[in-house]
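The lines below spell out each chain.
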Amino acid sequence: MEPFVEVFLKKVAFPGDEKPALSGIELRIEKGEFIVITGPAASGKSVLCHCLTGAVPHFYPAFQDGFVRIGDTVLSELSLPRIAGKVGYMMQDPQNQLFSTTVGEDVAFGPGNMGLPRREVRKRVREALEFVGLSGFENRLPETLSGGEAQRVVLAGVFSLKPEFLVLDQPAAELDPAGRKDIYDRLGELSRSGKSTIIMVSERPEELVQHANRYLVMEEGRIVRDSSSPPVQGPYPGIPAIFRKKQTVEPGQEAASLENCTYTYPDGRAGCLDTDLRLFRGQMVALMGLNGSGKTTVAKHFNGLLRPASGTVRVLGREISDIDLHILCRKVGFLFQNPDFQIFAGTVEEEAAFGLKIQRLPPEQITDRVEDVLKGAGLLQMRKVHPHRLSRGQRQMLALASVLAAEPEIVIADEPTAGLNYSQTCQIMDNLARLADEGKAVLLVTHDVMLTACYAHRLVAMHRHRVQLDLPVSQLPVYTTELQKIGLDFSPAFAGWSA
Amino acid sequence: MALFESCRPRGTWIDQLDPRTKLAWMGLMTILALTVSDIKILVFLPLTVLASGLAAGLPFRSFKHPLLILIFTGVQIVILQVLFSTEGQVVAALGPVKVFSGAFSPAWEAFLRLSAMMLATMQFLRWTPPEDLTLWLVTTRVPYRYAMLVGLAMRFLPLMEQELGAIMESQRSRGLPMKNIRQKIKSLIPVALPFLYRSFRRANETALAMELRGFGYNSRRTFLRQLNITLAEIIAIVLMGTVATWNIWLKIESLWL
Numbered sequence: 001m002e003p004f005v006e007v008f009l010k011k012v013a014f015p016g017d018e019k020p021a022l023s024g025i026e027l028r029i030e031k032g033e034f035i036v037i038t039g040p041a042a043s044g045k046s047v048l049c050h051c052l053t054g055a056v057p058h059f060y061p062a063f064q065d066g067f068v069r070i071g072d073t074v075l076s077e078l079s080l081p082r083i084a085g086k087v088g089y090m091m092q093d094p095q096n097q098l099f100s101t102t103v104g105e106d107v108a109f110g111p112g113n114m115g116l117p118r119r120e121v122r123k124r125v126r127e128a129l130e131f132v133g134l135s136g137f138e139n140r141l142p143e144t145l146s147g148g149e150a151q152r153v154v155l156a157g158v159f160s161l162k163p164e165f166l167v168l169d170q171p172a173a174e175l176d177p178a179g180r181k182d183i184y185d186r187l188g189e190l191s192r193s194g195k196s197t198i199i200m201v202s203e204r205p206e207e208l209v210q211h212a213n214r215y216l217v218m219e220e221g222r223i224v225r226d227s228s229s230p231p232v233q234g235p236y237p238g239i240p241a242i243f244r245k246k247q248t249v250e251p252g253q254e255a256a257s258l259e260n261c262t263y264t265y266p267d268g269r270a271g272c273l274d275t276d277l278r279l280f281r282g283q284m285v286a287l288m289g290l291n292g293s294g295k296t297t298v299a300k301h302f303n304g305l306l307r308p309a310s311g312t313v314r315v316l317g318r319e320i321s322d323i324d325l326h327i328l329c330r331k332v333g334f335l336f337q338n339p340d341f342q343i344f345a346g347t348v349e350e351e352a353a354f355g356l357k358i359q360r361l362p363p364e365q366i367t368d369r370v371e372d373v374l375k376g377a378g379l380l381q382m383r384k385v386h387p388h389r390l391s392r393g394q395r396q397m398l399a400l401a402s403v404l405a406a407e408p409e410i411v412i413a414d415e416p417t418a419g420l421n422y423s424q425t426c427q428i429m430d431n432l433a434r435l436a437d438e439g440k441a442v443l444l445v446t447h448d449v450m451l452t453a454c455y456a457h458r459l460v461a462m463h464r465h466r467v468q469l470d471l472p473v474s475q476l477p478v479y480t481t482e483l484q485k486i487g488l489d490f491s492p493a494f495a496g497w498s499a
Numbered sequence: 500m501a502l503f504e505s506c507r508p509r510g511t512w513i514d515q516l517d518p519r520t521k522l523a524w525m526g527l528m529t530i531l532a533l534t535v536s537d538i539k540i541l542v543f544l545p546l547t548v549l550a551s552g553l554a555a556g557l558p559f560r561s562f563k564h565p566l567l568i569l570i571f572t573g574v575q576i577v578i579l580q581v582l583f584s585t586e587g588q589v590v591a592a593l594g595p596v597k598v599f600s601g602a603f604s605p606a607w608e609a610f611l612r613l614s615a616m617m618l619a620t621m622q623f624l625r626w627t628p629p630e631d632l633t634l635w636l637v638t639t640r641v642p643y644r645y646a647m648l649v650g651l652a653m654r655f656l657p658l659m660e661q662e663l664g665a666i667m668e669s670q671r672s673r674g675l676p677m678k679n680i681r682q683k684i685k686s687l688i689p690v691a692l693p694f695l696y697r698s699f700r701r702a703n704e705t706a707l708a709m710e711l712r713g714f715g716y717n718s719r720r721t722f723l724r725q726l727n728i729t730l731a732e733i734i735a736i737v738l739m740g741t742v743a744t745w746n747i748w749l750k751i752e753s754l755w756l
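So the sequence lines, in the order shown, correspond to chains A and B. So for the first sequence, our numbering puts the first residue at 1; every next one is plus one. So for the second sequence, our numbering puts the first residue at 500; every next one is plus one.
I should point out that these hints are in silico values taken from the structure, not numbers from a laboratory. Owing to the predicted nature of the structure, the values given are computational and were not obtained by experimental measurement. Watch out, some of these pointers could steer you wrong.
Said to hold, decoys possible - Capping the alpha-carbon separation at 35 Å, the derived lysine-lysine pairs in DSBU-like fashion look like this:
| # | chain 1 | residue 1 | chain 2 | residue 2 |
| --- | --- | --- | --- | --- |
| 1 | B | Lys685 | A | Lys357 |
| 2 | A | Lys195 | A | Lys11 |
| 3 | B | Lys678 | A | Lys331 |
| 4 | A | Lys384 | B | Lys539 |
| 5 | B | Lys685 | A | Lys331 |
| 6 | A | Lys384 | B | Lys685 |
| 7 | B | Lys597 | A | Lys375 |
| 8 | A | Lys19 | A | Lys123 |
| 9 | A | Lys384 | A | Lys10 |
| 10 | B | Lys678 | A | Lys384 |
| 11 | B | Lys539 | A | Lys375 |
| 12 | A | Lys357 | B | Lys678 |
| 13 | B | Lys563 | A | Lys375 |
| 14 | A | Lys331 | B | Lys750 |
| 15 | A | Lys357 | B | Lys683 |
| 16 | A | Lys331 | A | Lys384 |
So that you can see chain A by itself, here it is in the shape it has in the complex (with noise of 0.2 Å):
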């Protein structure tokens, strides 16, 4: 009997590329399967997805040798719009797959281009909407959601059309634990029910394991692993908390603090309330909390982005209103979730050097401290490489030598691990821990449980823009019911080393 879906590549190469992007591809894909593709970065897992959607060859030219076969229909014989219906294709930002002004008329977007009627088209965003669990959001404007929510609003614009084969990319990366759970359990339940066939790329097919049937691993453009299995990777090699007795670093001089802060938005959204946080010199804080619990708001206080409406911000014993931001920023380092936001520069090592410019440093400083920085992130040899040649995570880490070209003091980093695979993380993380080490206090805002449970030294959890607990990592196992209660589930990270 013909499987389901049918995949044969036995070549996806794109102009101007040296290898290939797919290699010897074959996959078949039976109805009703949950299939979970990971993998290190460039290792074709999105050119995969393309070719799924028909997106290679139709959008994106590239040469292909081989069909991919979804029921009777061959996907290079159908335009686009044509493939629409048959499968459903989720990308990683959610924002850029919003196109209407409100949520009712975006899920409504699909249906609508098939030239429903409009009775069976209300009947569709009503139905979709109460799958993803937002009822009565019609009328929402895609900007005023969450992260969450218009991750679930490209589900039900996705789910509107009642495509038979759902593909995704990534589409949980950017969420909270919560957040996460809630996106995979109702595509589990999608799949059991036997509506669709999903095939999903997750940097962490652990937590897909009450859901997925079956695991892809790829390298280099070819599918290395196929089991009912998720790979094993991890734990991180940091020193998990449940083996921390006691607090492995004794805190040193206060680094930075601040005292009763409280910011609002202009638009009137609460930021932080009445937060006192205190960051010490060799220790990695961990600042934690649901989104929109105010973690990098609290976070940009450090450097000066914002600036509290009552309260006291104080650097390296001095309290901010008195230091220039640009000096400030000398002093403490900021590196964002997205690397994108700021790399520029038409080469690895002047992106690196563009802090160093601004401080009119002599340029045999600039070139000493660019090389080390490149060194330590393992972009030396890369130096003359355009940063958008290199990977998301490379980026990442092009994005963290180009803070610590600076010598900040401290260290903030944002979600700096979002999106990247296990030893993209692992690569970050370590740096961040040498920072540690080296005597800088270093503020890490994060979701990850494990990073926290791994790497930090002391956790700050928030809820609802204000400091809940504060605590060493090693008194983690003794406060896991009050964390569940504010979001912040660690039992599994206790589990797997408990076991």
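Following the hints, position chain B against chain A.
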């Protein structure tokens, strides 16, 4: 406040109006601003626009940016008039520059005309949902592929503004000063290049996502809503059209005479 703020339902009577009525109102205000010569009526026009906007539930802060731009433009108009007008009597002399009494009246008139037009346009964009514009364009037989571009632009402008803010924050965090004009000009490339890169990437992803949701599948599509114009609105449009036409006629007549 964001410069590109989306139109959102206000829960007032304005949400019930057809976009054609709102368009007629904007057209009337624009034509009156261009044709009326009486300074008292000209003063009344921008105030009417402001008052109607506030009555429709638009917050005063949504007029903040246009008013600031208007004040900036108004100052420039006054300076230009003062520099080049030689009407009336000399009321002041600053070195070689003589200020004539006739400079102020045309400057004031131009400022009022511009204010009425600009505020009316801004008001139209703030209280007309883009999907209403799309539906109106479709009723005028504009192909939906083009008509929907209005909604798409309105959807992404606030998002692009947010992203520009994030890029500027990111570069400021690297020590890039952006306080004065000179520094802002110097920061153009470090800000513009990531912004362009992100915009191209967004355009690409959006286009792909749209096609994969059937955009362009048929030559016609179903919209979730339909425009419904009431009899009262039709009468209002006819009245506004009559007033506008009458004023244009009066203006032409005055020019001939």
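Original post:
Of the numbered hints stated previously, which ones are contradicted by the structure, given in increasing order?
Top reply: 4, 7, 8, 11, 13 and 14
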